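A.B. asks: In this note's numbering, the protein residues as written are 8 to 364.
Calculated directly from the structure, the hints in this document are not laboratory data. Since the model is a prediction, treat every value here as computed from it, not as a measurement.
In silico EDC-like pairs for lysine to aspartate or glutamate, Cα to Cα no more than 20 Å straight-line:
id: 1; residue 1: K309; residue 2: D265
id: 2; residue 1: K309; residue 2: E44
id: 3; residue 1: K202; residue 2: D218
id: 4; residue 1: K309; residue 2: E51
Each pair of labels, with its calculated beta carbon distance range:
id: 5; residue 1: A205; residue 2: G343; range: 43 to 53 Å
id: 6; residue 1: Q216; residue 2: P192; range: 16 to 26 Å
id: 7; residue 1: Q84; residue 2: S54; range: 41 to 51 Å
id: 8; residue 1: D227; residue 2: R58; range: 45 to 55 Å
id: 9; residue 1: L33; residue 2: L239; range: 37 to 47 Å
id: 10; residue 1: L43; residue 2: D227; range: 46 to 56 Å
id: 11; residue 1: P50; residue 2: L336; range: 30 to 40 Å
id: 12; residue 1: I64; residue 2: G310; range: 15 to 25 Å
id: 13; residue 1: P83; residue 2: Q339; range: 19 to 29 Å
From the three backbone atoms N, C-alpha and C, an ideal C-beta is built for every residue, glycine too.
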Amino acid sequence: MNAPIGDLFSGPALVRRGIILFIGMLSLYYFAPDILELINSAPELVSINRRWFFLMILFELVSFAFLWWLTRIVLPQVSWFVAATSQLASNAASRVIPGGAAVGGAVLYRMLSVSGTSSGQAGAALAATGGLSTTALAAFPAAGFALAVAGAPIPESLLPAVLAGGVLFPLLLAVGVIAVRTTRPLLRLGLTISKVVAWTGRLVRRPWQFDPRKLVRERDSMVVAMGDRWPLAMVAAALNWVFDYLVLVTALVAVGADPRLSLVLLAYTGGALLAMIPVTPGGFGFVETGMTYLLVLSGITKGDALLATLAYRIVSLWLPIMAGSVAWLIFQRRYGNATEDSSEQPQPSGEPAPQDS
8 MNAPIGDLFS
18 GPALVRRGII
28 LFIGMLSLYY
38 FAPDILELIN
48 SAPELVSINR
58 RWFFLMILFE
68 LVSFAFLWWL
78 TRIVLPQVSW
88 FVAATSQLAS
98 NAASRVIPGG
108 AAVGGAVLYR
118 MLSVSGTSSG
128 QAGAALAATG
138 GLSTTALAAF
148 PAAGFALAVA
158 GAPIPESLLP
168 AVLAGGVLFP
178 LLLAVGVIAV
188 RTTRPLLRLG
198 LTISKVVAWT
208 GRLVRRPWQF
218 DPRKLVRERD
228 SMVVAMGDRW
238 PLAMVAAALN
248 WVFDYLVLVT
258 ALVAVGADPR
268 LSLVLLAYTG
278 GALLAMIPVT
288 PGGFGFVETG
298 MTYLLVLSGI
308 TKGDALLATL
318 AYRIVSLWLP
328 IMAGSVAWLI
338 FQRRYGNATE
348 DSSEQPQPSG
358 EPAPQDS
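Could you put the whole structure together from the sequences, leaning on the hints where they help?
C.D. replies: Encoded structure:
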């Protein structure tokens, strides 16, 4: 997206958002029975020891901290305060508003600009952090396959789950290094995406196309923006997802489930992808239904899957939304009204703001 932020609230943009809202309402109606079943399991949350919730919140906080670190790696001049408050506020905006990825990106862009970051640097930061975060998530299925080959189940103790995070991290890092250092795997991935896009276009009778070289160009742009800091940026992006994944693992252990790490990882990836569907706030309905279904397929009982999904979403979605509101107010107290016009018109990147699932 290359339009000024004001265009996000123009007539056509509001009409599009209204259409998305209408589709979202239909989706919620469709998922209503599953959502009600999830809500009905809420009283059972009291059966979870508060220590487990503390651990889940701690993992989620660490996950967000790696996103803040990622921002500071790309923009070393940005303070921890700005990195944290801008990410929390933009994440909340993108989750509350249906189809709000563009709004979230604009909020992040604007807050970075108000704090003293130039428009060019802010745009490069959005592209780099968004691209790295998406790349790390895309590596999860491969990591899940590797864990499946290793046959790593979770016993009753949480320690093996934490160790699994230690196994997952180098796998994601290895995929990232390959993507940065070599071109052929990216081109092959681009060709695969191109075929899928073209096939989908034929189904809906649309001339959809995808240039396989786009992945290579975006990779090169990210590397240029980060310079020699890209290894640290890849570490931060990977660990962001790893610790959010551990929130779900902790929730499963807390409800007494005995899942397999590899299958839970695939269920987690599915939930993260469903959260990107821009028709309900934070993918509400899609994520809860999809993740519960995938967890049941992985061997978790439906009752445990419902309760674990509910606990995970409270920690990963609703608490960060509340934290984002507080972050916005704190930021405004320091920098004034971040929505006032300035001499520079922000032009956010097409990449969505990096978010925690």
